[in-house]
Each structure stands twice: as structure tokens, then as C-alpha cells.
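Visitor: Spelled out from the first residue to the last, the chains are:
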Amino acid sequence: MMKAIETKDLTKIYGGHLKAVDALNIDVEEGEIYGLLGPNGAGKTTTIKMLTTSTPPTSGTAKVAGYDIIRESLKVRREIGVVPQDLTADEDLKGYENLMMVSQFYDIPTAKARETIERLLGLVDLKEAADRYVRGYSGGMRKRLELIIGLVHDPKILFLDEPTLGLDVTTRSQMWDYVRQIQEKLNVTIILTSHYLEEVDALADRISIIDHGKVLVTGTSNELKAKLKGDIIQMTFRTQGDEDTIKKYPNFIEIKDNGPNSVRMKVQNSDEELPDIIKYISENKLAVTKMTVQKPSLDEVFLEYTGKDIRVEESPGDFRKTMFNMRRVRK
Amino acid sequence: MSGLGPLTARDLKKWYRNPVSLTTGLIQPFFWLALFGYAFSKLGAIDPAAIDYAPSYITFLLGGVLTIIGLFTAMFSGVNIIFDRRLGPLSRFLMSPIHRSSIVFAKIISAMVRILVQVGIIILAALILPNGLIFAHGFTVEGALVIVTAVVLVAFIFSSMFSIIAVRITRPDTIFGILNLVNLPLLFTSYAMFPPALMAGWLSTVAQYNPVSWSAESIRTVILNGTMLTAAQGSQLLTWLGGLALLAVVMLLIVYFVSEKEIRE
Ligand SMILES: Nc1ncnc2c1ncn2[C@@H]1O[C@H](COP(=O)(O)OP(=O)(O)OP(=O)(O)O)[C@@H](O)[C@H]1O
Ligand SMILES: [Mg+2]
Numbered sequence: 001m002m003k004a005i006e007t008k009d010l011t012k013i014y015g016g017h018l019k020a021v022d023a024l025n026i027d028v029e030e031g032e033i034y035g036l037l038g039p040n041g042a043g044k045t046t047t048i049k050m051l052t053t054s055t056p057p058t059s060g061t062a063k064v065a066g067y068d069i070i071r072e073s074l075k076v077r078r079e080i081g082v083v084p085q086d087l088t089a090d091e092d093l094k095g096y097e098n099l100m101m102v103s104q105f106y107d108i109p110t111a112k113a114r115e116t117i118e119r120l121l122g123l124v125d126l127k128e129a130a131d132r133y134v135r136g137y138s139g140g141m142r143k144r145l146e147l148i149i150g151l152v153h154d155p156k157i158l159f160l161d162e163p164t165l166g167l168d169v170t171t172r173s174q175m176w177d178y179v180r181q182i183q184e185k186l187n188v189t190i191i192l193t194s195h196y197l198e199e200v201d202a203l204a205d206r207i208s209i210i211d212h213g214k215v216l217v218t219g220t221s222n223e224l225k226a227k228l229k230g231d232i233i234q235m236t237f238r239t240q241g242d243e244d245t246i247k248k249y250p251n252f253i254e255i256k257d258n259g260p261n262s263v264r265m266k267v268q269n270s271d272e273e274l275p276d277i278i279k280y281i282s283e284n285k286l287a288v289t290k291m292t293v294q295k296p297s298l299d300e301v302f303l304e305y306t307g308k309d310i311r312v313e314e315s316p317g318d319f320r321k322t323m324f325n326m327r328r329v330r331k
Numbered sequence: 001m002s003g004l005g006p007l008t009a010r011d012l013k014k015w016y017r018n019p020v021s022l023t024t025g026l027i028q029p030f031f032w033l034a035l036f037g038y039a040f041s042k043l044g045a046i047d048p049a050a051i052d053y054a055p056s057y058i059t060f061l062l063g064g065v066l067t068i069i070g071l072f073t074a075m076f077s078g079v080n081i082i083f084d085r086r087l088g089p090l091s092r093f094l095m096s097p098i099h100r101s102s103i104v105f106a107k108i109i110s111a112m113v114r115i116l117v118q119v120g121i122i123i124l125a126a127l128i129l130p131n132g133l134i135f136a137h138g139f140t141v142e143g144a145l146v147i148v149t150a151v152v153l154v155a156f157i158f159s160s161m162f163s164i165i166a167v168r169i170t171r172p173d174t175i176f177g178i179l180n181l182v183n184l185p186l187l188f189t190s191y192a193m194f195p196p197a198l199m200a201g202w203l204s205t206v207a208q209y210n211p212v213s214w215s216a217e218s219i220r221t222v223i224l225n226g227t228m229l230t231a232a233q234g235s236q237l238l239t240w241l242g243g244l245a246l247l248a249v250v251m252l253l254i255v256y257f258v259s260e261k262e263i264r265e
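Sequences listed follow chains A and B, in order. The numbering of the first sequence is my numbering, which starts it at 1 and goes up by one. The numbering of the second sequence is my numbering, which starts it at 1 and goes up by one.
Rather than coming from a laboratory, the hints here were simulated on the basis of the structure. From a predicted model like this one, the values you see are computed outputs, not experimental measurements. Hints should not be assumed to be uniformly reliable.
Covered stretches of chain A (chain B as the covering partner; in silico rule of three or more C-beta atoms under 8 Å from a C-beta of chain B) [stated by the list, open to error]:
1. 52 to 62
2. 89 to 97
3. 101 to 108
4. 240 to 246
Result set (DMTMM-like, lysine to aspartate or glutamate): computed pairs, CA atoms no more than 20 Å apart in a straight line [stated by the list, open to error]:
5. LYS14/B to GLU91/A
6. LYS13/B to ASP92/A
7. LYS156/A to ASP276/A
8. LYS14/B to ASP131/A
9. LYS13/B to GLU97/A
10. LYS295/A to ASP231/A
11. LYS75/A to ASP173/B
12. LYS14/B to GLU97/A
13. LYS261/B to GLU72/A
14. LYS94/A to ASP11/B
15. LYS127/A to GLU79/A
16. LYS13/B to GLU91/A
17. LYS290/A to ASP276/A
18. LYS295/A to GLU198/A
19. LYS290/A to ASP244/A
20. LYS3/A to ASP68/A
21. LYS13/B to ASP131/A
22. LYS19/A to GLU265/B
23. LYS247/A to ASP201/A
24. LYS14/B to ASP92/A
25. LYS185/A to GLU97/A
26. LYS290/A to GLU304/A
27. LYS261/B to GLU283/A
Chain A residues, not near chain B, derived (Cβ > 12 Å throughout) [stated by the list, open to error]:
28. VAL76
29. ILE149
30. HIS153
31. ASN187
32. ASP231
33. LYS256
34. GLU272
35. GLU300
Glycine included, every Cβ here is placed at the ideal spot set by N, Cα and C.
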């Protein structure tokens, strides 16, 4: 079967030295939702821009829907839908007019375009607002409009660059529902970028974690978590002596001090190990004051591969950028 | 040329829906005529020969005013490319399977449509104004064609020129700077406002090569003389229009090749 997307050492260097994307190799299967997860400045948008033929790569190449992004860029553009990170709708037109204009870019006959637009408006609950000017839309409505502008021509592949950036938590999970419905009902391959772990975890079949323009690891969410090899059990004891005793427990992968009288124990499988640990505790009459079990989450995966916590990633400069994006969304 | 239709329609829709731009566009021609027409006619000292024995100063001036309207509207047509880049729509156009030159040609065509509407209104205004436009030798279809051709060509030439500059500029203030630098010099080194007889010798020489003069003089010729021209007048008219047409073709090629290759986010 043909791959939806195949990149070969895709590289983008800005201004001669800034390597935004560094010999990137990814394969996206037809029909899947593929997530690119990475902190601000990781090169996600640059990757999307190259794959959608908005920016030429400095070196390397890629095939999208079977077409070369450099030599057959016009064919690529016909097959793909794009929802970029920044908004593209014309504020001085109505929602419907924006959709119709983009339909005409693809030479879709008017009757068919009308039908498609009606269906898409229904899909994201924008029917009511279709005849209003976009300048009067809320941030969430704008994002929903952008989402379906990328779908007016029944694309085979849909690119979503940070589809929920700047949205509140409820609106965000609503967007996830729309994305799932799009994938099920319209049968498109989706490539999604995000720096929200929950987002790729909730939506993507496969995930690549990227940073500094490079893929660090690829797999399903469960595979990535499994690679961490083990669950974490945190325990706090009343005395130092008890803590020393737990360290003599025979069956763990690793155990570390974690604050006063506390330990962080990594075990193969907490479900199986926990009864034994509890037995060990009661046999040795240890006084436990607190005990928590942590199954690995993408947070830990991310930490493991990038060496940083995604949540504290935003430096002051990036924060400004995010604020700018939010302003663009809300304006 | 895919994308040209919807993009032009978009620009025109935004134009006629914006009450301010529409009204100022309609009022502006009256301003031009009233200000320049009366300002100069009250000088009283103009030798009738200097204005080619035109029955009124407005009649003489009209060719210039129509050309200036075309010039100024055309020059600003590219500015919206920069705003489209800033506000996002341009990236949508660039990721769509349309010819990239359509993005620029849509601006040029919509500018020409707007200009023609203004030209129609300005001619009506000139006819209505007291001491206004008088067609001493009648007004024919051929005469109207000459006027439209001259204005359309000037509009095309200058909107192409400034749209193509806008293709590579990311800041609106840059293009406003360039516009302000060239608009008045273009105007005052032409026969648009002043009869050749009133111009300093060297300026008159420069004005002969200014396409703004070619358009103004072509229109003036048919307004003052109707279409029954002498052989000399006829060949002069063809030279001016031919020069404009040639420039327009050159601009068309430049716009096509530059925008297909160079337009980007
Ligand atoms: N047009 C450009 N010119 C110069 N440098 C750029 C350009 N676009 C992006 N960069 C740089 O390339 C790097 C990758 O940027 P990119 O926008 O691809 O990151 P991202 O992963 O999408 O980040 P974010 O999560 O903030 O959207 C950054 O260091 C950025 O500053
Ligand atoms: Mg980005």
C-alpha cells in the first residue's frame, strides 16, 4: 500500500545556519492520525510548511499522496487540506463566503461545493454562524471554520498544525471530537502537530516526538510508554529506618531517594508487584504514611527523550509568541 | 488562469461593501474636478491657446484628472497583498492549487474595475458641474473607447508596478514610503495638470516620456477634437496609446514571471 507521507532527510535551514528541521524521516500510513509532538520551536510548523509546499526544503525530499513536494507541488496541493497554525480566513467575508471562495480555488462545481459546505458546517456546528462576518467570530468558531476550510475539496490528507492552540479546555476537547469525526466520516489521513501531550495522546494512532528538528522516537502512545520499562511507586515512611528496610526489597528495577523518608521505586509491572510489596511492608512492620502508583504517561516519555518537561518549556520569547497566537485566535 | 475569478470577486465584494471606501471613491472625483478645475480657471490669465482652445478649463483638465484617478487608485492596489500576508489569507492562497500570479492579477483587475467606475462618475460629474465639461465636437463610441483604453492601460501599468513591489515587501509602511516618494513627482513631471506651454523647458522634455502624459494627452485629444482628427493628431494618438500598450505588455510579463516564482509568505 502507498504511504500517505514519506519524507527522506527533509531539512530546512533558515538564514544559512538555523536548522529548523534536520534530516527528518517519517512515514505516515493511509488512514491513520499521526501526531508530531514537540516543544515550541521544535520545527513542527516548518515541517508542515514543507510538506504542504508552502516553503521549499533546503535539502532532502518528501512524497505526499504519492507526489513529490518539489516537482509535483501543484498535484500535492490538490490532494491535501491544510489547517495552519495561524488563521487564514478573510475577516471581511462571511464564513460561508470564505468556504465558497476556497472551493472555487479547487474548481469545484458550485452545486457540489454548496452541498459539501453545508455538510461541513453541520459537522462542526457552524450552520448558524455561516452567514455572519468572520470578524464577529469567537476564537473557537474561527478555529472550527479553519478546520473545515481545509476540507472543502475532500482532501485525502489533512494537516492540522496546533489545532487547539489558544483554546480553553472545554473547547479543546470539543475540537478533538470534531477531529475524530472527520477522520471517521470523511476517511482522511490526518497529520497533527501539538505541544499538548493530552492532545496527541487522545487523538493520534502514532506519535513522533521531535525536538530541534529531529525525530527522537516514534510509536503508538502505548509503545512509547512501554519503552519506559516500568511503573513508578512512590512511598513515604514514618522513619528513616523503614525507608532503609524497603530498599532491601528484592524485586525492583531501580529505587531512588525522593525527599525525607521517601522513595521512588521503579517496578516492571505495578499491578503484579503491589501485593508482594504490601506483604513485604506488613511482614517488616513498616509504617507507610503515603503510597502512590504512577503508570507512565507521555509526560514521562517526553521527559525521557527530550530531557525536559514540556510544561516548563516556554521561554519568555516563546511565551510572547504564544500570546501573539492567542491574540490572533481571539481577535 | 485558476483562482483569478474568485480572488477578483473577493476584492470587489470587499470594495463595494465598505461604505467608506465606496463613498470616498465617489466623492474624490468631485474634489479633484472642483479643486483643480476652479483653482486654475480663476487664474484667468491662461492664454486660451495654451489650453488648446478648450471651451472650459475643466474640459482641458479632464484627461489629466481621469489619468490621475487611474494612477492613484492603481498605485495603492498592491498594498492589500501586504495586508493579506500579515493577516493570513495569503497563506491560504499559497497552499491552494491556483496560479500564484492570479493573486497579483486579481488585485490589478479589481483596481481596473474600480477605476472604470470612478471614471464614469467623474465624467458625469464634469458634465453636471457649472462651467464644466463640454464636448465641442460631440462624443462618440470611438472617443469613449480611447478614454477607456488610455485609463485602463495606465491603471494596468501602475497597479502592476506597485503590486509586484508588494510581492516582496512585508511591511506596509515600506510601500507607503515608496508611494509617497513617487506619486507627486510622477504627476508633476507630466502633462496631466499643466498644459505643455506652461511648463519649464526641461520639465516638458521629461514629461514627453512620462506615460502619465501619454494617457492624459490621448484623452485630451479626443475630448477637444472629437474623433475627426487630422493625420498628425491621429498618428500622435496612436503613438501614445501604442507606447502605453507596449509598457502594459512588458508589465504583464514581469508580473506573471515574478509572481509565479517570488510570491511567498
Ligand atoms: N520564516 C522563518 N525565518 C527564520 N526562522 C524561522 C522561520 N520560521 C521558523 N523559524 C525558526 O525555526 C525554528 C522552528 O520553528 P517552527 O515554527 O517550525 O517551530 P514549531 O515547532 O512549529 O514551534 P511552535 O510550537 O512555537 O509553533 C524556530 O527556531 C524558529 O524561530
Ligand atoms: Mg508551530
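Visitor: Taking the hints in turn, state whether each one holds.
Guide: Against the structure, the hints come out as follows:
no.	hint	in the structure
1	52 to 62	holds (count 4)
2	89 to 97	holds (count 6)
3	101 to 108	holds (count 6)
4	240 to 246	violated (count 0)
5	LYS14/B to GLU91/A	holds (10 Å)
6	LYS13/B to ASP92/A	holds (9 Å)
7	LYS156/A to ASP276/A	violated (52 Å)
8	LYS14/B to ASP131/A	holds (15 Å)
9	LYS13/B to GLU97/A	holds (10 Å)
10	LYS295/A to ASP231/A	holds (5 Å)
11	LYS75/A to ASP173/B	violated (36 Å)
12	LYS14/B to GLU97/A	holds (11 Å)
13	LYS261/B to GLU72/A	holds (15 Å)
14	LYS94/A to ASP11/B	holds (13 Å)
15	LYS127/A to GLU79/A	violated (26 Å)
16	LYS13/B to GLU91/A	holds (13 Å)
17	LYS290/A to ASP276/A	holds (17 Å)
18	LYS295/A to GLU198/A	holds (15 Å)
19	LYS290/A to ASP244/A	holds (16 Å)
20	LYS3/A to ASP68/A	holds (12 Å)
21	LYS13/B to ASP131/A	holds (15 Å)
22	LYS19/A to GLU265/B	holds (19 Å)
23	LYS247/A to ASP201/A	violated (34 Å)
24	LYS14/B to ASP92/A	holds (7 Å)
25	LYS185/A to GLU97/A	violated (24 Å)
26	LYS290/A to GLU304/A	violated (26 Å)
27	LYS261/B to GLU283/A	violated (78 Å)
28	VAL76	violated (9 Å)
29	ILE149	violated (7 Å)
30	HIS153	violated (9 Å)
31	ASN187	holds (21 Å)
32	ASP231	holds (44 Å)
33	LYS256	holds (48 Å)
34	GLU272	holds (51 Å)
35	GLU300	holds (36 Å)
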